[in-house]
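*Asks:* Given next are the chains, with one letter for each unit.
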Amino acid sequence: MSPDAPLLAVDRLVKRFGGFRALDVLSFKVAAGEILGLVGPNGSGKTTCINVISGLYPPDGGTVHFAGRSIGGWPSHRLVHAGINRTFQVPKPFLTLTVRENVEIAKTYGDSRDAPSVEALLSALDLAGFAGHAAGELNTAQQKMLDLARALATGPRLLLIDELAAGLNPAELERVAAKLRELASSGIALLVVEHLMGFIDQITDRIIVMNAGKEIFEGRLAEASRNRQVVEVFLGDENAA
Amino acid sequence: MPRIAWHLLLILLPVVAAFAILPGLYSNHLMLFNFIIFMTLAQGINVIYGFTGYLPFGYVGFFGAGAYGFSLMVIHLHAPPLIALPVGAAAAIVLALLLTPLFRLSGAYFSIANLAAALAVLQVVSNPNLEEITKGPYGISLSGVFDPALSYATALAVLAATLALVIYLRNSHFGMALKAIREDPISAGMAGINVVRERVIAWLLSALIAGLAGGVFAWYVSVFYPETVFSVEFTIFAIVFALFGGNATVIGPILGVVILYGIYNAVGISTPQYFQLLYGALIMGLVMFLPNGLVSLLQRWGIDVP
Numbered sequence: 127m128s129p130d131a132p133l134l135a136v137d138r139l140v141k142r143f144g145g146f147r148a149l150d151v152l153s154f155k156v157a158a159g160e161i162l163g164l165v166g167p168n169g170s171g172k173t174t175c176i177n178v179i180s181g182l183y184p185p186d187g188g189t190v191h192f193a194g195r196s197i198g199g200w201p202s203h204r205l206v207h208a209g210i211n212r213t214f215q216v217p218k219p220f221l222t223l224t225v226r227e228n229v230e231i232a233k234t235y236g237d238s239r240d241a242p243s244v245e246a247l248l249s250a251l252d253l254a255g256f257a258g259h260a261a262g263e264l265n266t267a268q269q270k271m272l273d274l275a276r277a278l279a280t281g282p283r284l285l286l287i288d289e290l291a292a293g294l295n296p297a298e299l300e301r302v303a304a305k306l307r308e309l310a311s312s313g314i315a316l317l318v319v320e321h322l323m324g325f326i327d328q329i330t331d332r333i334i335v336m337n338a339g340k341e342i343f344e345g346r347l348a349e350a351s352r353n354r355q356v357v358e359v360f361l362g363d364e365n366a367a
Numbered sequence: 258m259p260r261i262a263w264h265l266l267l268i269l270l271p272v273v274a275a276f277a278i279l280p281g282l283y284s285n286h287l288m289l290f291n292f293i294i295f296m297t298l299a300q301g302i303n304v305i306y307g308f309t310g311y312l313p314f315g316y317v318g319f320f321g322a323g324a325y326g327f328s329l330m331v332i333h334l335h336a337p338p339l340i341a342l343p344v345g346a347a348a349a350i351v352l353a354l355l356l357t358p359l360f361r362l363s364g365a366y367f368s369i370a371n372l373a374a375a376l377a378v379l380q381v382v383s384n385p386n387l388e389e390i391t392k393g394p395y396g397i398s399l400s401g402v403f404d405p406a407l408s409y410a411t412a413l414a415v416l417a418a419t420l421a422l423v424i425y426l427r428n429s430h431f432g433m434a435l436k437a438i439r440e441d442p443i444s445a446g447m448a449g450i451n452v453v454r455e456r457v458i459a460w461l462l463s464a465l466i467a468g469l470a471g472g473v474f475a476w477y478v479s480v481f482y483p484e485t486v487f488s489v490e491f492t493i494f495a496i497v498f499a500l501f502g503g504n505a506t507v508i509g510p511i512l513g514v515v516i517l518y519g520i521y522n523a524v525g526i527s528t529p530q531y532f533q534l535l536y537g538a539l540i541m542g543l544v545m546f547l548p549n550g551l552v553s554l555l556q557r558w559g560i561d562v563p
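First to last, the sequence lines map onto chains A and B. Going by the working numbering, the first sequence opens with residue 127, and the numbers climb by one from there. Going by the working numbering, the second sequence opens with residue 258, and the numbers climb by one from there.
Hints were generated in silico from the structure; no laboratory data involved. Glycine included, C-beta positions come from ideal geometry on N, C-alpha and C. Accuracy of the hints is not assured; some may be wrong.
[Claimed, not checked] Just a sample of chain B residues kept apart from chain A, beta carbon distances all over 10 Å, derived:
| # | residue |
| --- | --- |
| 1 | L376 |
| 2 | Y395 |
| 3 | M433 |
| 4 | I443 |
[Claimed, not checked] Just a few of them, taken from the derived set where beta-carbon distance is under 7 Å, the chain B residues facing chain A:
| # | residue |
| --- | --- |
| 5 | H430 |
| 6 | G432 |
| 7 | A437 |
| 8 | E440 |
| 9 | D441 |
| 10 | P442 |
| 11 | S444 |
| 12 | M447 |
| 13 | A448 |
| 14 | I450 |
| 15 | N451 |
In isolation and in its complexed conformation, chain B is listed as follows (with noise of 0.2 Å):
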């Protein structure tokens, strides 16, 4: 059996299993299904982090215009949420494409002048004078729509469709040359990779998943405010996570989200000032002594980690 069809059976079908059988055993499924949606941001950030080395500290805004997309699909031309997705995971694409000219920049210029681009939408959709399209500052509200178990279950899809592009990218000839491009873009060129073309595909996907996260986010939770949907703690929470478990890898981000989210539901919502003391002193040692992720203490031993 090839590698591909391994890391699918011994991957994403446990996760996915487990998501699916969880809610009948636990009875939070927000939780859960905030776990769906980290995993899915931290593989999103896998992607265009783990595979090109661009870290987009404004990932979030990519979120915020798939949950924008769905929800004034929604309201003004009354979309059913599965038609409604695909469009928010448009609006998502449509704004990684405007946001192309980025990539002339490097390392700490691209991030913070892809925050600023995020944090400019921002701005955009809470405008009070765009009331009429976006609701403005007031937030949007999905009640008629509003159904947790269809946008649970689709939370779930959307999570196993990034799982298997992430098990392509890790077991692919183009995974790997978006890992050549992240060493060294030069030798890249060299090798025949389009270098230029491959990044925007890397872009555009890493944006696609963020933007159906978002649309579906915005289905679940149904009243929510600008804020909301454009807080750069989504953005933080995923680049920490996928970091923690450790990237270009399917199972670093997953073992991210599941010990760092864990600590984070266990502690920090009731002891948060203990759990801020905690979570500090796990990046710290994290960034000092396995800069890699935790999967790095494998790979250490020669494990070639799926």
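Chain A on its own, in the form it takes in the complex (with noise of 0.2 Å):
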């Protein structure tokens, strides 16, 4: 892979469950390093794209290139020792088994020694407190930091990133949101999907704006407030009444 070729690179992406077509030819590219945010009403694909890229559906067309290598249809381990990871929407600890534990877990099979430690993941998103615990007796937003670390611990070089933000407190927004910049630094790749505009606006340099599948505005996120386009999608079109 040369120098300027991006990370993530989503080429004409299809994705369709019978007469819907979820994905609809969607092409974009992540940067290492860089935060991509992904923002949509619902329904329009985000989720979706996330899960074609970590390998929980196979695309009906168009390509997917990671690292230079096209890893359309992969299953999700091999993603991951490939060095791509994620976080769910909801979130999907193992719940029966301890904080500790789900992490080491994706530690030892994540096959990557680059990785930082259980103990420092678990330090570095507050979860030190509970190792010993089951998942189970974490609340939401603990499950969603558990999530990250587990995602973290693989020592993944691209990292999907599903409504993060959503149910967190301003205090805990602030420390997400210095987590996820830090993670960029450090040059993984992140795209981001979010309904909270203010976090998106935090961390991101450019978002791509998806309605039905397709993207409809790339760009800066106060660049497409004013795009008519992407109002609509968001506020309906003040004509149609």
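With the hints in hand, could you dock these two chains into one complex?
*Replies:* What follows is the structure, encoded as structure tokens:
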């Protein structure tokens, strides 16, 4: 891979569910160390995009290249070993395992020598005090942090973040934003799906606005708010009534 | 001393020692042998259900495959029992490999499809047209190799190996990975676990345990019919014993067998009418109040049950 090549290149990606095109010829690129925001109304295909890149759904068309290799249709564990990981909109920790075991299992099977230690990750995400507790005893915000810790334990180069900020209080939001910026400055590329525009504004330089599986805007968030098509998608067409 | 060594010392050793000593103190060796078989099968269920969450209603298919693999080696090739035993286990593993597509199913669908597969194997084995090979519905007689003492000792060795495996699972990253798969296969994949491969390994280990138990059972009883070694009762008992004690632990299935099979032998044979009542009440009570088995009582108090 040349130094200028993007870490992730999604080209003309299509995902269908029956007759519904959840992703409709979607293309974008993410560079190492960049935080790209993916925004759009509910059902616009943001989470489907993350699900396809992370191997949960096979694509029905188009390509996904990571670090120069075509990865479309790879199983999740292979993507993890290649350097891709994610968090989930509804956190999905192993509820009966302890918090430490949740991270330890990813550290063991994630196949990464560069990942921080389990204890360092638990400390960094304010989970050290719960290390011996079952993950099911954590509240939702803590489970989201555990999802993030588990992902980081595999030493990802690309992190797909699905609505991590939802439900966090302002102080927690500030800490998470700082953490994501810190990850990006260490060279990790982040693709962040989020509804909280203030949060997106804090951490991204560039966003993609999606609607009905298509990209309708790419650029800075401030520019997006002046884009007629974006405003229509979020607020409705004022002439429609 | 590492935790795994403690578990070997405090669980495996006393259980094996007890079954090694008891034949000298108690004359009903068949009952002791059956305890060993059910303890082995309950741990086999523990490996696939307790650790990975797949409940195989047709688990007895592997037991029967082991029994017939063993017997056909003895009958047709006059193999010594200790050579025939691994072949019986291999027959169970081959059956397990053939059934790996069942993992495309989940929950009750997997369980029922697995039961259907076991019944299909029974129908093949007991087919009168295959009498030359399997002895069809007329059953197997292995009187030439009948050796209750050696077969009992071998069954005990199989139980010891099974307990050692479950102790390893309880204390290893592999066992933790299996539990992660049981909790959430999608998250397990994102933890870097090759879900398909690890689940198949657990499935094959579970089949291996039942195959060895089936082979040694055939050797010990020496005379049996297809319905004996493919009886769904084996599966039901093994599942109930494992669930009663508590899955994904080493001592849960041991407790389940000791208590429930103990009651079965104390009450079930002499007064079966009371036994059914007692068994039904016990299992209902367990499902309602302790769905995770007896050991969950200790786990509720924060005790890390081995």
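*Asks:* Hint by hint, say whether it matches the structure.
*Replies:* Hint check:
no., hint, in the structure
1, L376, "holds, 33 Å"
2, Y395, "holds, 48 Å"
3, M433, "violated, 5 Å"
4, I443, "violated, 6 Å"
5, H430, "holds, 5 Å"
6, G432, "violated, 10 Å"
7, A437, "holds, 5 Å"
8, E440, "holds, 4 Å"
9, D441, "holds, 5 Å"
10, P442, "violated, 9 Å"
11, S444, "holds, 4 Å"
12, M447, "holds, 6 Å"
13, A448, "holds, 4 Å"
14, I450, "holds, 5 Å"
15, N451, "holds, 5 Å"
Violated hints, in rising order: 3, 4, 6 and 10; the structure is consistent with all others.
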